Amino acid sequence: MAVLNVNPTRMELTNLKRKLLTARRGHKLLKDKRDELMRQFLDLVRENKRLRARVEEGIRDANRHMAIARSVMRDEEIDVALMMPVQSVSVDITEKNAMSVIIPEYKTFFRSADENDMYSYGYAFTSCDLDNAVKSLSDIMPDMIRLAETEKTCQLMASEIEKTRRRVNALEHIMIPQYEETIKYITMKLDENERSTTTRLMKVKDMMLEKAHNYTA
Amino acid sequence: MYKIAVMGDRDSIYGFAALGFEIFPVDSVEQARKNLKTFADGEYAAVYITEAVASGLSAELEFFREKMNPAIIPIPGITGNTGIGMKNVSKSVEQAVGSDIIS
Chain A
2 MAVLNVNPTR MELTNLKRKL LTARRGHKLL KDKRDELMRQ FLDLVRENKR
52 LRARVEEGIR DANRHMAIAR SVMRDEEIDV ALMMPVQSVS VDITEKNAMS
102 VIIPEYKTFF RSADENDMYS YGYAFTSCDL DNAVKSLSDI MPDMIRLAET
152 EKTCQLMASE IEKTRRRVNA LEHIMIPQYE ETIKYITMKL DENERSTTTR
202 LMKVKDMMLE KAHNYTA
Chain B
18 MYKIAVMGDR DSIYGFAALG FEIFPVDSVE QARKNLKTFA DGEYAAVYIT
68 EAVASGLSAE LEFFREKMNP AIIPIPGITG NTGIGMKNVS KSVEQAVGSD
118 IIS
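Chains as they are written, first to last, in this note's numbering: chain A, 2 to 218; chain B, 18 to 120.
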């Protein structure tokens with residue numbers, strides 16, 4: 002591991018020691034964040050898969066009914082029946098903070114007071130298969146909205162986890178070893194300087210003694 | 018207040034109109050791409066796109082991945098399930114964990 006390009010001075014040593022401490026603390030915090038995010042994410046992903054399987058199944062059902070309705074009724078009739086929907090859905094999004102990831106929470110509102118009020122046609126001229134198709138779609142609607150919420154949350158969390166993981170790795174494998182090496186390098190350099198000063202002093206003392214008293218140690 | 022949109026070929030999405038979703042019938046990928054600009058304005062909380070259309074727009078949909086809204090959700094159309102939706106979920110897992118551990 003490369004030693005940072007710094008002057009081997011005491012000031013630099015104190016700075017580096019402080020930086021190392023911060024890096025260690027940051028690393029610990031980020032690692033905790035990553036672990037917690039991962040735990041929540043895995044739960045969410047399982048939920049996401051379950052919801053998706055259910056929604057896909059429901060849509061397949063609805064399509065089957067729709068296909069039968071189409072074969073029984075003329076296209077224009079179906080168009081007329083579904084042309085003016087009575088129901089309209091709107092969603093309110095509140096933002097929630099989960100481990101510093103901003104995730105959405107959906108709240109659904111229906112225009113008509115009864116949320117089962119979705120048949121936009123009289124029953125006289127339409128096939129019951131059309132009713133079935135609309136019914137099976139409306140059955141999975143809450144799941145569809147939950148799916149949208151969960152899937153978005155998963156996507157947002159995934160990118161945050163990726164970022165956090167990279168940070169943890171950078172700290173663990175690059176920054177912290179680099180600081181440690183540099184601190185070791187500076188300490189050794191300073192010790193070396195001290196030793197050389199001591200020997201120089203001893204030598205000077207010897208020389209002075211020799212000069213004053215003709216004394217050899 | 019946000020709306021919910023459904024985009025895809027007409028036969029696949031017509032039923033959703035009855036539920037109160039806004040429908041955007043498209044015949045071609047070009048048309049769908051134009052509609053995406055409408056969705057990007059932030060009026061929609063969720064946009065369900067049929068897998069057939071979504072597969073032609075994968076590069077554009079990548080842009081929405083990290084945005085708060087809309088949530089772009091692929092759904093199977095009348096032609097059947099191609100598995101793009103599940104693949105998307107696996108992609109999230111792969112991005113987060115490094116490999117798809119839940120399959």
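Treat the hints with care, as some may be off.
Stated by the list, open to error - With a straight-line cut-off of 20 Å between C-alpha atoms, the simulated EDC-like cross-links for lysine to aspartate or glutamate are:
#: 1; chain 1: A; residue 1: K50; chain 2: B; residue 2: D28
#: 2; chain 1: A; residue 1: K18; chain 2: A; residue 2: E173
#: 3; chain 1: A; residue 1: K34; chain 2: A; residue 2: E193
#: 4; chain 1: A; residue 1: K136; chain 2: B; residue 2: D28
#: 5; chain 1: A; residue 1: K108; chain 2: B; residue 2: E77
#: 6; chain 1: A; residue 1: K29; chain 2: A; residue 2: D44
#: 7; chain 1: B; residue 1: K20; chain 2: A; residue 2: E106
#: 8; chain 1: A; residue 1: K164; chain 2: B; residue 2: E60
#: 9; chain 1: A; residue 1: K34; chain 2: B; residue 2: E60
#: 10; chain 1: B; residue 1: K54; chain 2: B; residue 2: E83
#: 11; chain 1: A; residue 1: K164; chain 2: B; residue 2: E111
#: 12; chain 1: A; residue 1: K164; chain 2: B; residue 2: E83
#: 13; chain 1: B; residue 1: K108; chain 2: A; residue 2: E57
#: 14; chain 1: A; residue 1: K29; chain 2: A; residue 2: E173
#: 15; chain 1: B; residue 1: K104; chain 2: A; residue 2: D44
#: 16; chain 1: B; residue 1: K108; chain 2: A; residue 2: D44
#: 17; chain 1: A; residue 1: K32; chain 2: A; residue 2: E163
#: 18; chain 1: A; residue 1: K164; chain 2: B; residue 2: E79
#: 19; chain 1: B; residue 1: K84; chain 2: A; residue 2: E163
#: 20; chain 1: B; residue 1: K104; chain 2: A; residue 2: E96
#: 21; chain 1: B; residue 1: K108; chain 2: A; residue 2: E195
#: 22; chain 1: B; residue 1: K108; chain 2: A; residue 2: E173
#: 23; chain 1: B; residue 1: K20; chain 2: A; residue 2: D93
#: 24; chain 1: B; residue 1: K20; chain 2: A; residue 2: D115
#: 25; chain 1: A; residue 1: K97; chain 2: B; residue 2: D117
#: 26; chain 1: B; residue 1: K20; chain 2: B; residue 2: E60
#: 27; chain 1: B; residue 1: K84; chain 2: A; residue 2: E106
#: 28; chain 1: B; residue 1: K54; chain 2: B; residue 2: D26
#: 29; chain 1: B; residue 1: K104; chain 2: A; residue 2: D93
#: 30; chain 1: A; residue 1: K20; chain 2: A; residue 2: E173
#: 31; chain 1: B; residue 1: K104; chain 2: A; residue 2: E58
Please keep in mind that the hints were generated in silico from the structure rather than gathered at the bench. Keep in mind it's a predicted model, so treat the numbers as computed, not measured.
Structure-based check of all given hints:
Note on A:K50 and B:D28: the hinted pairing is violated, with a Cα-Cα distance of about 26 Å set against a maximum of 20 Å. For the proposed pair A:K18 and A:E173, the alpha carbon gap of about 16 Å is at most 20 Å, so the pair holds. With a CA separation close to 42 Å, the supplied pair A:K34 and A:E193 exceeds the 20 Å bound. Under the criterion of a C-alpha separation no larger than 20 Å, the hint pairing A:K136 with B:D28 is consistent with the structure, at around 17 Å.
A distance of roughly 27 Å separates the Cα atoms of A:K108 and B:E77; the hinted pair therefore is violated under the 20 Å criterion. Of the pairs offered as hints, the one joining A:K29 and A:D44 is violated, with about 23 Å between alpha carbons and a cut-off of 20 Å exceeded. With a CA separation close to 14 Å, the supplied pair B:K20 and A:E106 stays within the 20 Å bound. Distance hint between A:K164 and B:E60 is unfulfilled; the C-alpha atoms sit about 28 Å from each other, more than 20 Å.
With a C-alpha separation of about 32 Å, the suggested pair A:K34 and B:E60 falls outside the 20 Å cut-off, and the hint is violated. Simply put, B:K54 and B:E83 have alpha-carbon atoms about 16 Å apart, close enough for the 20 Å limit, and the pair holds. Restraint check for A:K164 and B:E111: satisfied, since their Cα atoms lie roughly 13 Å apart, inside the 20 Å limit. For a cut-off of 20 Å, the pair hint linking A:K164 to B:E83 stands: about 13 Å separates their Cα positions.
The straight-line distance between the Cα atoms of B:K108 and A:E57 is roughly 18 Å, inside the 20 Å bound, and the hint therefore holds. With a CA separation close to 10 Å, the supplied pair A:K29 and A:E173 stays within the 20 Å bound. Taken as a hint, the B:K104 and A:D44 pair is honoured in the structure, with Cα atoms around 18 Å apart against an allowance of 20 Å. About 16 Å separates the Cα atoms of B:K108 and A:D44, which keeps this hinted pair within 20 Å; it holds.
For the given pair, A:K32 sits about 12 Å from A:E163 by alpha-carbon distance, which is consistent with the 20 Å threshold. Simply put, A:K164 and B:E79 have alpha-carbon atoms about 17 Å apart, close enough for the 20 Å limit, and the pair holds. Taking the CA atoms of B:K84 and A:E163, the gap is about 16 Å. The hint holds against a cut of 20 Å. A threshold of 20 Å between alpha carbons decides the hint, and for B:K104 with A:E96 the separation of about 27 Å lies outside it, so the pair is violated.
The hinted pair formed by B:K108 and A:E195 fails the criterion: a straight-line CA distance of about 58 Å is larger than 20 Å. For the hint pairing B:K108 with A:E173, the CA-to-CA distance comes to about 26 Å; that exceeds 20 Å, so the pair is violated. Restraint check for B:K20 and A:D93: the C-alpha separation of about 9 Å stays at or below 20 Å, so the hint holds. The straight-line distance between the Cα atoms of B:K20 and A:D115 is roughly 19 Å, inside the 20 Å bound, and the hint therefore holds.
For the given pair, A:K97 sits about 27 Å from B:D117 by alpha-carbon distance, which is inconsistent with the 20 Å threshold. Proximity of B:K20 to B:E60 is assessed by CA-CA distance (about 6 Å); at most 20 Å being required, the pair is judged to hold. Distance hint between B:K84 and A:E106 is fulfilled; the C-alpha atoms sit about 14 Å from each other, no more than 20 Å. Only pairs whose Cα atoms come within 20 Å are accepted, and B:K54 paired with B:D26 is accepted, the gap being roughly 18 Å.
For the hint pairing B:K104 with A:D93, the CA-to-CA distance comes to about 28 Å; that exceeds 20 Å, so the pair is violated. Between the alpha carbons of A:K20 and A:E173 the distance comes to roughly 14 Å, so the proposed pair stays at or under 20 Å and holds. Distance hint between B:K104 and A:E58 is fulfilled; the C-alpha atoms sit about 16 Å from each other, no more than 20 Å.
Hints 1, 3, 5, 6, 8, 9, 20, 21, 22, 25 and 29 from the list above are not met by this structure, while the remaining hints are.
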